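Asks: As you go down the protein sequences, you meet chains A and B in turn. Just so we're aligned, residue 1 is where the first sequence starts under the numbering used here, counting upward by one. Just so we're aligned, residue 1 is where the second sequence starts under the numbering used here, counting upward by one.
In case anyone wonders, no lab produced these hints; they're calculated from the structure. Bear in mind the structure is a predicted one, so any value in this text is a computation, not a measurement. A portion of the hints provided could be inaccurate.
Below, a sample of chain A positions facing chain B; criterion: calculated Cβ distance under 10 Å [what the hints assert, rightly or not]:
(1) A30
(2) D34
(3) D93
(4) L97
(5) N110
(6) A111
(7) V114
(8) P132
(9) R137
(10) G149
(11) E150
(12) I151
(13) D163
(14) T166
(15) P193
(16) I264
To spell it out: a stretch of chain A is covered by chain B in this simulated footprint if at least three of its residues, at any positions, have a beta carbon under 8 Å from a beta carbon of chain B; those stretches are [said to hold, decoys possible]:
(17) 35-43
(18) 118-125
Label-pair distances were calculated between CB atoms; the ranges are [what the hints assert, rightly or not]:
(19) A323/A - I264/B: 21 to 29 Å
(20) R107/A - G238/B: 17 to 25 Å
(21) P17/B - G308/A: 58 to 66 Å
By construction, the Cβ of each residue, glycine as well, lies at the ideal position given by its N, Cα and C atoms.
2 protein chains.
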Amino acid sequence: MLTRLKKENFPFELVRPHVEKVEAAILEQARAFDPAVEGYVSYVAGSSGKRIRPALVALAAGATGGVHDDHLRLGMVLELIHIATLVHDDIMDGAELRRSAPTASARWGNALAVLLGDALFSHALELSTEFPNALTRKIARAANDVCTGEIIQTQRRYDLNLDKATYFKIIRMKTAALFAVAGELAAALNGCPEDIQARLHGYGDKLGTAYQIYDDVLDLVGDEETVGKTLGTDLEKGKLTLPVLNLLENATESQRSKLNRLLISQQPIEVSVLAGIADYQGSIDSAVQTACSILADARADLSVLPHGDSHAALEQVTRFLEARLRQCLR
Amino acid sequence: MLTRLKKENFPFELVRPHVEKVEAAILEQARAFDPAVEGYVSYVAGSSGKRIRPALVALAAGATGGVHDDHLRLGMVLELIHIATLVHDDIMDGAELRRSAPTASARWGNALAVLLGDALFSHALELSTEFPNALTRKIARAANDVCTGEIIQTQRRYDLNLDKATYFKIIRMKTAALFAVAGELAAALNGCPEDIQARLHGYGDKLGTAYQIYDDVLDLVGDEETVGKTLGTDLEKGKLTLPVLNLLENATESQRSKLNRLLISQQPIEVSVLAGIADYQGSIDSAVQTACSILADARADLSVLPHGDSHAALEQVTRFLEARLRQCLR
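Let the hints inform the model, and build the full structure from the sequences given.
Replies: Here it is in structure tokens:
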């Protein structure tokens, strides 16, 4: 039985008080907007996500000298950027529901949702100017990476020639970029030397990459009821994920034309058939192994940190994700 | 004969070399994006607008000590933010054409246009981190104001109870905010004292407000062929502009219900009938007078600046707009 990662599942107990403070600060931020906009902001910010980014900031801070007010602000800024991108994602995907509640675009229309995402985005970047300029710049750059990753993904939909290097580039930009700055800048705010910052950047980059692969695998092989969303939505939108790229890589000419039919010509896509083939060919297991190996590399990045509870918790996050990934082995 | 303001009409001769440098720098910026995104950026950045914001930066800089490289960067940042909002506006309005070329949304779809706007936005804010943090913050705040103004405008569509205070709040946020920071921050970069910065902020705020009123008036009374766009588009989208608010303000109970029928119940709106009534009642002239009086106040803000060519050109910009407005008097 595969279940989607839930907030309570993540081993974030150690930093729960910090994450709760960020949670409160995010809702508090709604009041910084014009009264006409406040209601929309509380709605989208309040449909509480897993708050992975603020939790990573707090853990990385704890592992490098302690969690300070600046870290809570950093967690909030990254989470607001994340929320802004979700609001825009839901417009693009025509999504009606997110976490069982109507999306902003479904509730108030696309026009308002475009603007709401923009307002959240510019507000987050305004808040980030409280940091030294070099940090503000890295945050804006990461936000830019998220958009660029999504653009490339949109461009390469239904493109059976998508190579793995581009797939990894896309998921590192769209998902791992914010994880990476969470780690890096948490250390920077504690005045850590650059090599520590670089290692925590690397940790976040790898964790985010593995997290996205897990999400991609689950889209193919999760159990609809327990995962709690329709499967095969990536495929329906023409997003080719790692298991499918593995399959394409090893396909003969005639198998490729069969995949072409399954993935592109034929609507709706028969997800169970495709998943069955991918499973049979070992393409799903291979994606899981890739993600697990990336997580092992992420752990190696932690070796430079002093031992302690936060260090242990950062490691535990990778073990937790690895265990979830291994449940997808067939 | 009313013609829409064109790039060559604006009295920006004095700063033409500066604006051309910004123009080149904007196109150069396209290359700072991922190669996959570069083409989209050059397309939307290249369909050259009037570049009012960079020109204002250069004029305000010239009037307060000279135009330096930082000013060109500031002009570029503000123009990129402006371009990002145009890309998103065109999605919301379902616009097919902008300056006779297909919009990004018409050409590549809404999904890509949402992301492209986001990428331009985050890139502009990343570039702005080259400035001292206080300036970066003011730029992010102005960007936030633009979005918030648009949100409020979207909320209040078809709302005959829209009051003038809210109308002015909307146009100051959505249009004048970037004009205001153009003036203020040009002076700040020249190390001017705060009162000079505040006066140039005031000048930009008023110029932007009058500029938007001119645009609103033209939507009602321009000549379709010479204005080069369909008139009445604000009304079609339920945007109530100053001439209409003037009309509503002075309407009797029975006139209000007639306006309600003209503006809301009846589709398509008979723009020429509404314009005829607004003209007859003096509502258009009154809007023109309001804008001209705001422009006089804008000139008063310039009184603190030393005399010289740039000062004179800033004044000339208001006279130019005033002359255009007076052409709308019936």
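Asks: When the structure is checked against the list of hints, which entries are broken? Sort them ascending.
Replies: Hint check: 1, 4, 13, 15, 16 and 19 fail, others pass.
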